[in-house]
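Residue strings, one per chain:
2 protein chains.
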Amino acid sequence: MKKTLLLLSLVAAPALAGEGKWTPQQVLELDPAWLRAQGLQVPPKKLWDPQRGTGLLAGAVNVGGCSGAFIAPSGLVITNHHCAFGVIQEHSTPQRDLITDGFLASKREDELPGKGSRVQVPRSFKDVTKDVLAAVPAGADDLARFKAIERKQKELVAECEKRPATRCQVASFDGGLNYTLVDAVELADVRLVYAPPRAVGEYGGEEDNWMWPRHTGDFAILRAYTAPDGASAPYSDKNVPYKAEFFFPLATEGVKPDDFVMVLGYPGVTWRALLAEEMAERQSRLYPRMRDVFGEAIRILEEEGDKDAAGKIAVASQLKSLHNVHKNAGGQLAGLKRGRIVEKQRESEAAVAAWAQKNGAKWAEAMKAREALLAEQAATGKVFEREFLLGSTGRLARGPALAVTVSRLAAERAKPDLERRPEYMEREMPRLKDRLEREQKNLFLPADKKLLQAFVRRAQALGPDERIAAVDKHFGKTFSEKDVAAKIDAMYAGTKVLTLAERMKMAGETVAQLEARKDPLLAFGLDLAKELTALDDVKDRRQGAAMRLRPEWRKAVLAHAGKPVAPDANGTLRVTFAKVQGYAPRDGALYTPQTTLSGLLAKHTGEEPFDVPEKVSQVAEAKRFGTWMDPRLKDVPVNFLANADTTGGNSGSPTVNGKGQLVGVNFDRVWENVANDFGYNPDVARNVNVDVRYILWTLDQVENADALLRELGVRKGKPTVQETR
Amino acid sequence: MKKTLLLLSLVAAPALAGEGKWTPQQVLELDPAWLRAQGLQVPPKKLWDPQRGTGLLAGAVNVGGCSGAFIAPSGLVITNHHCAFGVIQEHSTPQRDLITDGFLASKREDELPGKGSRVQVPRSFKDVTKDVLAAVPAGADDLARFKAIERKQKELVAECEKRPATRCQVASFDGGLNYTLVDAVELADVRLVYAPPRAVGEYGGEEDNWMWPRHTGDFAILRAYTAPDGASAPYSDKNVPYKAEFFFPLATEGVKPDDFVMVLGYPGVTWRALLAEEMAERQSRLYPRMRDVFGEAIRILEEEGDKDAAGKIAVASQLKSLHNVHKNAGGQLAGLKRGRIVEKQRESEAAVAAWAQKNGAKWAEAMKAREALLAEQAATGKVFEREFLLGSTGRLARGPALAVTVSRLAAERAKPDLERRPEYMEREMPRLKDRLEREQKNLFLPADKKLLQAFVRRAQALGPDERIAAVDKHFGKTFSEKDVAAKIDAMYAGTKVLTLAERMKMAGETVAQLEARKDPLLAFGLDLAKELTALDDVKDRRQGAAMRLRPEWRKAVLAHAGKPVAPDANGTLRVTFAKVQGYAPRDGALYTPQTTLSGLLAKHTGEEPFDVPEKVSQVAEAKRFGTWMDPRLKDVPVNFLANADTTGGNSGSPTVNGKGQLVGVNFDRVWENVANDFGYNPDVARNVNVDVRYILWTLDQVENADALLRELGVRKGKPTVQETR
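Each protein sequence line maps, in turn, to chains A and B.
Add 315 to a position in the first sequence, counting from 1, and you land on the number used in the numbering used here.
Add 315 to a position in the second sequence, counting from 1, and you land on the number used in the numbering used here.
A couple of the hints might just be wrong.
[Stated by the list, open to error] In silico DSS-like links for lysine-lysine, alpha-carbon gap of 30 Å or less:
(1) A:Lys441 <-> A:Lys949
(2) B:Lys652 <-> A:Lys652
(3) B:Lys683 <-> B:Lys652
(4) B:Lys878 <-> A:Lys652
(5) A:Lys949 <-> B:Lys938
(6) B:Lys797 <-> A:Lys949
(7) A:Lys894 <-> B:Lys652
(8) B:Lys930 <-> A:Lys949
(9) B:Lys652 <-> A:Lys938
(10) A:Lys683 <-> A:Lys445
(11) B:Lys894 <-> A:Lys652
(12) A:Lys930 <-> B:Lys938
(13) A:Lys642 <-> B:Lys462
(14) A:Lys659 <-> B:Lys938
These aren't lab readings, by the way, just hints derived from the structure by calculation.
Sequences are here, hints too, so could you generate the full structure?
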């Protein structure tokens, strides 16, 4: 009986079409008839081969925290403009402003290498749950449990990464119910091939971010290179294009409403397995405080940037990231309320509890685990303000953030590699040093000092049980704003942390050497680093408890569901099955699922963020659509909506039709759907995609990128120098 | 041939369904088959009897510049909440706050008389074109032409108003091509029967004003009273309800998408007969300046009102009116651009010109008239800034505005009645004195002084050819802000204009008496009044020229059209035939034509302007819909859209189905449709109505207004004291 139920469950359809970030393995557990009925034409086995641990899904790659996809066998990768922003910014100067003007490599030699640009191509996935759990010694307390699991994960990763150019990850599913070892090839020579002007790639800017209707060309094209023998290698002019086994050819016919699409990629993190009360805590405390603190930081950066043209460029990247989290927090709040997500989770927990009760003693552990999780939650709430502020150090002033990084690096490097915090292990060093170097471009001291001043003011206002000792030590508890400002001025005047060469030197020094420098900002950073390390221990213990408790509870939840349940996002490869679909944002209004070039022109004001570049508007106004017109819309489609189940990390995800062809590039969710991180609300769960026809229209009619179009298989013609090289 | 063409044209359909503010007479010229096909079930002859010069259309009445309608034979009038706001405000005190709480008269004795509340019921319409034009002496210049026509209008009105309680108007059509004498009974005892709480009547406030989706209960119910013999009479407790010959019973079944509706009422003014260049001038100069000047006034009133609770109430009415014109100006700009209205007018003028050319010498006069109008336009542009600012006196600081009113009143009263400016003739005195008295409630001196200061600053900045002499005299040209502020303080400290009893006394004095008062604010007002009078003469001459030229041009335009063309709005009774219809506000979005109680609740934030009163939300949340649920929406409809051709003055217009029953009350146009004053754009021409079922649901489920519902014929039952009285 139980066996039958299990078998049935393995081929069941999900609760809601559109819902679920399925793992590659789960795709094979879903009912193939249901998948076909949705519109999947590729056999599921082609999507994923469990024997090899790879398949077509692996055409979706990780591009530095974003998603991306191979779109040609010659190593071409498509992702979002905002995911390629770093390399665009890196090559931009006032004289050659790629941010403003965009970039097209007219031949391969012109493609621009990116210092930090890396692409990870998945190679295999392996269940290591038994290995990981066996590592926890009997009688371990929660911190020991956490450390043991973390160490085992590190060992597995280290073993896996003995192969050259390999990046591995032990991913935890369902709060620690399962662990998977993900093995990926890392390609370290990735170059910029095409980026649209920022006014296209970010059309609508912060104003349209998270919004619909949308008209944003948020895409860029990169190319991965390898050594001539096909092995991953750092940049070299001897390198050759990577040969992609799996890739998504472009679907020149695009999509229409109700078409089936899949969105593939690397969603970062979601919290659907949280208890209702844990969600409620975020709703009542975390997001409101994020609005507050990051909102203030945005005001500071904008005000200071407005006073200085170079400063404005420097803060652009930080500002963008702050805007993003700030608006996201607002959307979480709105969506949690609108979707009644906490209430629904409460109802669903009650249903599981009632079912568990009926099924007797077997589930008593699950119920106890739930109670214990609630108690942990209540205790954490009491130190929330300090932990939030201290934890935000990295997002606020760059000065202290960099000082903390070199300080923590020195402390961690003193330990054996396997005992370090994961982000300071040897394998992270190239990435970390890239970041320490690249941050130089983001420095704008007048703004940075104001950010630090705001941080200090907030820290000084914390209650007696929530003091940040480093702030009390370096700034006192009661200094006036003016005193604090003077102190900060002195700190910045006396520091070498903000000098690139010195900072890179610091990155190789010991704690004692750093202390001996008597650098005032560094001294503050060293003290902050100690507190952050202690805070990490606190958090590790909490995580150890959650790893002990949550899997027990999740077992009950999954058993109660009786069919496949997609686990929370954790940065691993997922696929979501969806339809092109509009929605009703509110009473009296409907959003249709496609936008057009005419709509793009209608939004044009000539001022940021709605300033269509002349080379685009000329062609669009003349209705030179080429072959990219949608027959129903009588216009070139620009963006489209689907009800895919996406989150952060899905930026740049390929959106693919039932035949496995690229129909778009995912770049956002709608405002009403931000809280889908906590629960899928079918009424408003919509992701936003650049239509492949807008991409092709831009390359063809605006850029005349003939060679690139031929390489993409879209245009026929004689091979050019570029192609034959 | 020509005759046939003319006959055909008389029964033709309009160019676009929805377009046209038809005069009662034109309704009989439209093709009856077309009207039936649209959905009109009442025979056109029942709408209007040309012999009597009245008909069902006359059930729509003028309510102090707004529209309204009889909805029962017992004198009940429905109009907008914002049109009844004056009487609601008049009876509001901190102890009995009808603005906040709303009002329901539980019996007739409780109905609240309004000082300025008047209802005009049309009695007859008569063509007086020949009389008016015959009054212009041969060889008259433009000022003389204007004066002669104005005088003749006054004489006709004076003759007409010899009958008691009669208000007459000589309305000009097509820029002076035709004149009609409109004769109306004025009912002077009008009482408040029902007003919803402001949070219902203004739900969404300025934020939703001109917007869709909308959830505003913008309605109120009044009752007109007469002397026991049926004659119009001022308030008396002997008065009895007016017996309405024409009225619109309530259609309890409401409307659904695509239903036919008529909107009846008194649209104020539109400018579709302007030349393209005249429109362009408003687009480039007038509306941007309105945004600027009134935007500043709004900021001042809001800032000052926020500092003082009583001040906030005092400025509410002025603020509301400023917000309205300010947002309107923005909408005109957006709509002119979006609808390409100036360009279309240019194209249409070119078509008329080409046609006129082909038809030879006959239209040479029309073409010359057009050239002359353009020359007038060019000359006016040069003195625009001074004329705009001086002309805004009445909208800005109340102090100078009241001083100007008493000053001009004194100057005009010295002349024979027929030689006065129309707004200061004897027949206007009751209205004018009401206003002088009622304004006392709107005074909040700190804000008023700031408004005056802003006015002075702008006047001081005008160019040498555009000086305002009164400002130069009283404030100098170069005083600092501080000096101006001190001067204003002294003016307000030394004036009696702002004391009610003194001001009412001034309203009876001569210019010499006013001058002898040596009142500093009054002295400023007397000087401003002189300049305003001189400006009026300038404008009169311009109008005289336009009266000479525009009819010539319009003859060509109308002949070219070859079918009925609805004339521009001029405050006279009109009807527009429409359908219930949504629209696409922009690429990627559609607006559906109905909103619901659920949508109203979804907008609730608990803060103004989205603060649903508890008595409403309780019933709405419990889904106590009574019999007012729409079967398709499964909810009570709140507002709906139609493509009726409305403008300002249509506020409170009855929206009536094909059977002549009330289905809603018009209260707004959508933002995208504001510029329809210049041209009808079928894509976005939508008016916004309160659904009759929301009105009935409110009276029934929220207010339990049983007696009122029985009087409206909606509820059966034993007559109550109220009804038998």
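Would you list, in rising numerical order, the hints stated earlier that this structure does not obey? 1, 2, 4, 5, 6, 7, 8, 11, 12, 13
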